[in-house]
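A.B. asks: Working from the sequences, and respecting the hints, build out all of it.
Those sequence lines, one after another, are chains A and B. The numbering of the first sequence is the working numbering, which starts it at 1 and goes up by one. The numbering of the second sequence is the working numbering, which starts it at 1 and goes up by one.
No lab work stands behind these hints: they were computed from the structure.
Cut-off 30 Å, straight-line C-alpha distance, at most; resulting in silico cross-link-like pairs (DSS-like, lysine-lysine): (1) A/K1 x A/K53; (2) A/K53 x A/K68; (3) B/K9 x B/K71; (4) A/K1 x B/K71; (5) A/K1 x B/K57; (6) B/K57 x A/K102; (7) A/K55 x A/K68; (8) A/K68 x B/K57; (9) B/K71 x B/K57; (10) A/K102 x A/K68; (11) A/K102 x A/K1; (12) A/K102 x A/K54; (13) A/K102 x B/K14; (14) A/K1 x A/K68; (15) B/K57 x B/K14; (16) B/K9 x A/K102; (17) B/K9 x B/K57; (18) A/K55 x A/K102.
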Amino acid sequence: KNEVEQSPQNLTAQEGEFITINCSYSVGISALHWLQQHPGGGIVSLFMLSSGKKKHGRLIATINIQEKHSSLHITASHPRDSAVYICAVHSGGGADGLTFGKGTHLIIQP
Amino acid sequence: NAGVTQTPKFQVLKTGQSMTLQCAQDMNHNSMYWYRQDPGMGLRLIYYSASEGTTDKGEVPNGYNVSRLNKREFSLRLESAAPSQTSVYFCASNSPLRGAHYGYTFGSGTRLTVV
Numbered sequence: 001k002n003e004v005e006q007s008p009q010n011l012t013a014q015e016g017e018f019i020t021i022n023c024s025y026s027v028g029i030s031a032l033h034w035l036q037q038h039p040g041g042g043i044v045s046l047f048m049l050s051s052g053k054k055k056h057g058r059l060i061a062t063i064n065i066q067e068k069h070s071s072l073h074i075t076a077s078h079p080r081d082s083a084v085y086i087c088a089v090h091s092g093g094g095a096d097g098l099t100f101g102k103g104t105h106l107i108i109q110p
Numbered sequence: 001n002a003g004v005t006q007t008p009k010f011q012v013l014k015t016g017q018s019m020t021l022q023c024a025q026d027m028n029h030n031s032m033y034w035y036r037q038d039p040g041m042g043l044r045l046i047y048y049s050a051s052e053g054t055t056d057k058g059e060v061p062n063g064y065n066v067s068r069l070n071k072r073e074f075s076l077r078l079e080s081a082a083p084s085q086t087s088v089y090f091c092a093s094n095s096p097l098r099g100a101h102y103g104y105t106f107g108s109g110t111r112l113t114v115v
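C.D. replies: Shown next as structure tokens:
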């Protein structure tokens, strides 16, 4: 069973700061997902990665397959970025679901 | 809007009561999933359906049953609810193809309390 660890668990920062959230996993994967969960609970998929780097607006996700590690970066953070960010991995090649980290609770203060 | 629709959004049950959580997707996805989310823990897989007509147990299936009614609908049934099943339940879908993976789409969640 893959173990997914995220750090930090909680992060409070000031508006405009550069944010980094880390994710490590124990067993080789076929894909890694970054998800966002706002207060009120809805979960939105941000990125899916199997190698390299992806960018969408102010969000950047990277993955190092050899190190079994991924990072999610937020540039020019804004209070609306406040949410729980969740890392999840797909270990197999089929449709057998994701293994999730516990999430990072991010608060951006104005 | 296209997506995953879950009903109900909130439910309170008494211990021993039964209920069915409904999930429907209109994205023509093959695979559907039921997860539960508990405080201090990551989401955990209850059951999944890789395609219409198939279902498989996930990490925490005890106390639950599922039905993949058709390609669109995947329901989760609690036959005899227990306080340990108090949780937030999420349905999700995606469409893996030949080993490739695509982003998952999640429903808005069902907050279930068993008293």
